Amino acid sequence: MKLDWLSEAFERDGYICGDDIMVPVFLALRLEKPLLVEGEPGVGKTEIAKVLARVFSTDLIRLQCYEGLDENRALYEWNYQRQLLRIQIGRRAAGEKETRGAVAAPGAGAGEAPGAVAEGDLFSEEYLLERPLLRALRAERRPVLLIDEVDKCDEEFEAFLFEVLSDFQVSIPELGTVRARQVPIVVLTSNRARELSDGLKRRCLFLFIDFPDVAKELRIIRAKVPELLPALAAQVARAVALLRAGLDLRKKPSVAETLDWARALVALDVPALAPEVVDRTASLLFKNRDDLQAFMGHMGGQALVEAAQAGDAGQAAGDAGQAGSMGQPPATAPTTAAGPAPRQKPPTGRRGK
Amino acid sequence: MSAAAGDDRAGASPDLAGASADPPGASPDLAAAVVRFAGLLRHLGVPVSTAEVLDALAALPGVDVLDRAQFRAALAATLVKGTAALATFDAAFQAFFADPGERRQRMQEQRARADAAMHRQKTGREAAERDLTFQGRPLDLTAAQKDAYSAMDAPDRARLRDFLERSSTGVKVDATLMPLVQNIVRGHLDRQRRLLQEELEGTRKAVALPLAPTGDPEYDALIASVADRLRESPEQTLLTLDIGRIPESEQVHAQRLVRQLARRLATRISRRYRRTRRRKHIDLRRTARGSIRYGGAPFRLAYRWRAVRRPRMLLICDVSGSMARYSRFVLEFAYGLARVVSGIESFVFSEDLERVTPFFQQRRDFAETMGDVVRSSVQWGRGTNLSATLRTFMARNRGVLTPHTVVVIVSDTKTLAAADAAAQLRAIRGRVREVLWLCTLPRAQWDETPTVAMFARYSLMHECNTLGHLDRIMRRHLQPATAAARG
Numbered sequence: 001m002k003l004d005w006l007s008e009a010f011e012r013d014g015y016i017c018g019d020d021i022m023v024p025v026f027l028a029l030r031l032e033k034p035l036l037v038e039g040e041p042g043v044g045k046t047e048i049a050k051v052l053a054r055v056f057s058t059d060l061i062r063l064q065c066y067e068g069l070d071e072n073r074a075l076y077e078w079n080y081q082r083q084l085l086r087i088q089i090g091r092r093a094a095g096e097k098e099t100r101g102a103v104a105a106p107g108a109g110a111g112e113a114p115g116a117v118a119e120g121d122l123f124s125e126e127y128l129l130e131r132p133l134l135r136a137l138r139a140e141r142r143p144v145l146l147i148d149e150v151d152k153c154d155e156e157f158e159a160f161l162f163e164v165l166s167d168f169q170v171s172i173p174e175l176g177t178v179r180a181r182q183v184p185i186v187v188l189t190s191n192r193a194r195e196l197s198d199g200l201k202r203r204c205l206f207l208f209i210d211f212p213d214v215a216k217e218l219r220i221i222r223a224k225v226p227e228l229l230p231a232l233a234a235q236v237a238r239a240v241a242l243l244r245a246g247l248d249l250r251k252k253p254s255v256a257e258t259l260d261w262a263r264a265l266v267a268l269d270v271p272a273l274a275p276e277v278v279d280r281t282a283s284l285l286f287k288n289r290d291d292l293q294a295f296m297g298h299m300g301g302q303a304l305v306e307a308a309q310a311g312d313a314g315q316a317a318g319d320a321g322q323a324g325s326m327g328q329p330p331a332t333a334p335t336t337a338a339g340p341a342p343r344q345k346p347p348t349g350r351r352g353k
Numbered sequence: 354m355s356a357a358a359g360d361d362r363a364g365a366s367p368d369l370a371g372a373s374a375d376p377p378g379a380s381p382d383l384a385a386a387v388v389r390f391a392g393l394l395r396h397l398g399v400p401v402s403t404a405e406v407l408d409a410l411a412a413l414p415g416v417d418v419l420d421r422a423q424f425r426a427a428l429a430a431t432l433v434k435g436t437a438a439l440a441t442f443d444a445a446f447q448a449f450f451a452d453p454g455e456r457r458q459r460m461q462e463q464r465a466r467a468d469a470a471m472h473r474q475k476t477g478r479e480a481a482e483r484d485l486t487f488q489g490r491p492l493d494l495t496a497a498q499k500d501a502y503s504a505m506d507a508p509d510r511a512r513l514r515d516f517l518e519r520s521s522t523g524v525k526v527d528a529t530l531m532p533l534v535q536n537i538v539r540g541h542l543d544r545q546r547r548l549l550q551e552e553l554e555g556t557r558k559a560v561a562l563p564l565a566p567t568g569d570p571e572y573d574a575l576i577a578s579v580a581d582r583l584r585e586s587p588e589q590t591l592l593t594l595d596i597g598r599i600p601e602s603e604q605v606h607a608q609r610l611v612r613q614l615a616r617r618l619a620t621r622i623s624r625r626y627r628r629t630r631r632r633k634h635i636d637l638r639r640t641a642r643g644s645i646r647y648g649g650a651p652f653r654l655a656y657r658w659r660a661v662r663r664p665r666m667l668l669i670c671d672v673s674g675s676m677a678r679y680s681r682f683v684l685e686f687a688y689g690l691a692r693v694v695s696g697i698e699s700f701v702f703s704e705d706l707e708r709v710t711p712f713f714q715q716r717r718d719f720a721e722t723m724g725d726v727v728r729s730s731v732q733w734g735r736g737t738n739l740s741a742t743l744r745t746f747m748a749r750n751r752g753v754l755t756p757h758t759v760v761v762i763v764s765d766t767k768t769l770a771a772a773d774a775a776a777q778l779r780a781i782r783g784r785v786r787e788v789l790w791l792c793t794l795p796r797a798q799w800d801e802t803p804t805v806a807m808f809a810r811y812s813l814m815h816e817c818n819t820l821g822h823l824d825r826i827m828r829r830h831l832q833p834a835t836a837a838a839r840g
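Top line first, the protein sequences correspond to chains A and B. Numbering (the working numbering) for the first sequence: 1 to 353. Numbering (the working numbering) for the second sequence: 354 to 840.
Just chain A, with the same shape it has in the complex:
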């Protein structure tokens, strides 16, 4: 496997990124190490694991972390209720046999009653509830194991996770040691709610995903929302970048919000950004009241549209100059992952993903 191949596979899948993201992902695969991904919510941390699963056509096994998550939930558990039922049934069957046996042949030994339960039977595969970690270790094909929001779990669980990720084996007292058939592709994500332990961090390769720059975000929009008019897509990318840089927000709009907004603009059949459109759809970009107020109070739709369109004019002039001199589209022009960009909006609404 080569880095170029992986980059192309990601791009084909609609995950647009540069070497800053691709190299750590590639190295994690190559060195068979877990990849720890940090970044603001919505920049595409979880998506990396999903894309990896699609690229290698394998299972995505997801372990969502939360406070109080323990080994029972993450690794395995015995099906206690079923074991209890089995014992009860066994006991009843043995009782009946004994009664019948006593009537038929008094003094005969009970022997192995058909319903009797050996302890080994109760702790067999049949009563084992596999949880994500064990499932990943025992999978037939090398799976992608996504450990999402690892910063939300408790420190004890993190220590346990560290152990699993070091050896890729666990011991189940009743069954013995389970070794991974193949080392799974492990992706951990964190929102930095707390610092992770040094041990866990040392075990992983690290990737920090920042907000994309305007050019990259434009490529993402055009890959994910191809039905948005190209000029509008450029305005959207610039507007979101302006919001991130120019406002003091509790939660800056992420790529996820940009795409939601882009899809909303398609749904509303908007030909170009206008102040009233921005004001009407601002709730898609801001996820709380304070941020919405900050936007309305300090910037507002009018200023945002003007700034986004000012960039438009500048770029158009630059593009025209380059295209004119070279007789072909500029090298910096973004390309879509899904072939040439549609020049016009399709007549019948959405082709959504």
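FYI, nobody ran anything at the bench for these hints, they're computed from the structure. Just so it is clear, the structure is predicted and the values come from calculations on it, not from any experiment. The reader is advised that the hints may include incorrect statements.
[What the hints assert, rightly or not] Below are the SDA-like pairs computed for lysine to any residue, each with C-alpha atoms no more than 20 Å apart in a straight line:
| # | chain 1 | residue 1 | chain 2 | residue 2 |
| --- | --- | --- | --- | --- |
| 1 | A | K251 | B | L610 |
| 2 | A | K201 | A | E40 |
| 3 | A | K252 | A | K201 |
| 4 | A | K2 | B | L410 |
| 5 | A | K252 | B | R612 |
| 6 | A | K252 | A | Q293 |
| 7 | A | K251 | A | V214 |
| 8 | A | K201 | B | D443 |
| 9 | A | K50 | A | M1 |
| 10 | A | K287 | B | R612 |
| 11 | A | K252 | B | L610 |
| 12 | A | K152 | A | F162 |
| 13 | A | K2 | B | A411 |
Given the structure of chain A, go ahead and fit chain B onto it with the hints provided.
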């Protein structure tokens, strides 16, 4: 591209042709460069273990080391394990893997800087020996004292020379007076040295880098260059700068940073703390009671769980004249928290106490809120009387003190009736989980200020005059407390 920078202490920088001729990543020059780079990161305070260096070396064959972006990404992924260290990594990468020409220039600059410093020190000490004499005999001074003299302003130096001249030329002055005069001069120079040190620490715009020389001129040059690059990062600067010295131009940025700190903390303390039922300890009583419906078989197990309570925070903030510049930031912090976490009680005081919680609950922006607080407050900028303040507090607000409360007092400890205030503090301490005292006095001055020791007996006293201090203290002390409880 100039990624392949090797150990060129011998003066021979490995050229790119050499790096590309070898199989990529197997080049011993490149491996040596990576190991040295890891060493540089360690000098800069980034923890890099041997395992991580091995990872980096294993990673290199997989990437095109001649592509600077790929090479950087491979090293970043393997050597750096947190966003905090990324800025340092980038600065170090740019400095270490620079063009050979740039590196040579940097070495020369560093050498010139070191030579100049040496020369300054030498001439300074010679001047001290020449100037500081008693009846023509030079005083016995340590090197540090001589350095302190040369660092003094010209008028101060002139005053000292003047003093020596007058005290050595009187009618009844003889050589026996020399030890006395010498001690006076030494004491003066020692105080100057301390003041200079404090000044340096207070205004140093650097991150906490271990800037002591390593003995390796190339490392020293690199560290100096990385420190220069990092100094340009405003966030790092603001976190380590005395709050009272943050220039007007940086105030907006600093306030944004304070709000970010408050928010980050708020997301920590407002998380849901009811834990899962699946704990290790079975609750026998409830299990037995629940099993009746299954004919006595313990079919569903009940577990004990631990209730986790987040602390209630109570802020008492000194807004007397000398403290106002700190209070503003602390109130900003409280304001940020109050917006996202409910139940923070805030008070301000100087001669007496005032409750400001309601201002923070109106969800208006900070400037308006502060405007209201300052307009309606009679306490702003007066003298300090903590004793009266705490008496008023106990008389009116005793009810808010619970075993889950963390009381945070922000003050420089300088108050009237300190003994009585300490007694009041003791009474409060007995009713709450913890009293945190954020003391804006630099730690160096604590020994000279008796009130610090008085209040430190009944509170956890922390030095807090930078945003970095504030962040660290809040993180450490506003952790949720666990209390065993049954679910």
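Hints, verified against the model:
no.	hint	in the structure
1	K251(A) to L610(B)	holds, 14 Å
2	K201(A) to E40(A)	holds, 18 Å
3	K252(A) to K201(A)	violated, 26 Å
4	K2(A) to L410(B)	holds, 18 Å
5	K252(A) to R612(B)	holds, 14 Å
6	K252(A) to Q293(A)	holds, 13 Å
7	K251(A) to V214(A)	holds, 19 Å
8	K201(A) to D443(B)	holds, 19 Å
9	K50(A) to M1(A)	holds, 19 Å
10	K287(A) to R612(B)	holds, 18 Å
11	K252(A) to L610(B)	holds, 15 Å
12	K152(A) to F162(A)	holds, 15 Å
13	K2(A) to A411(B)	holds, 15 Å
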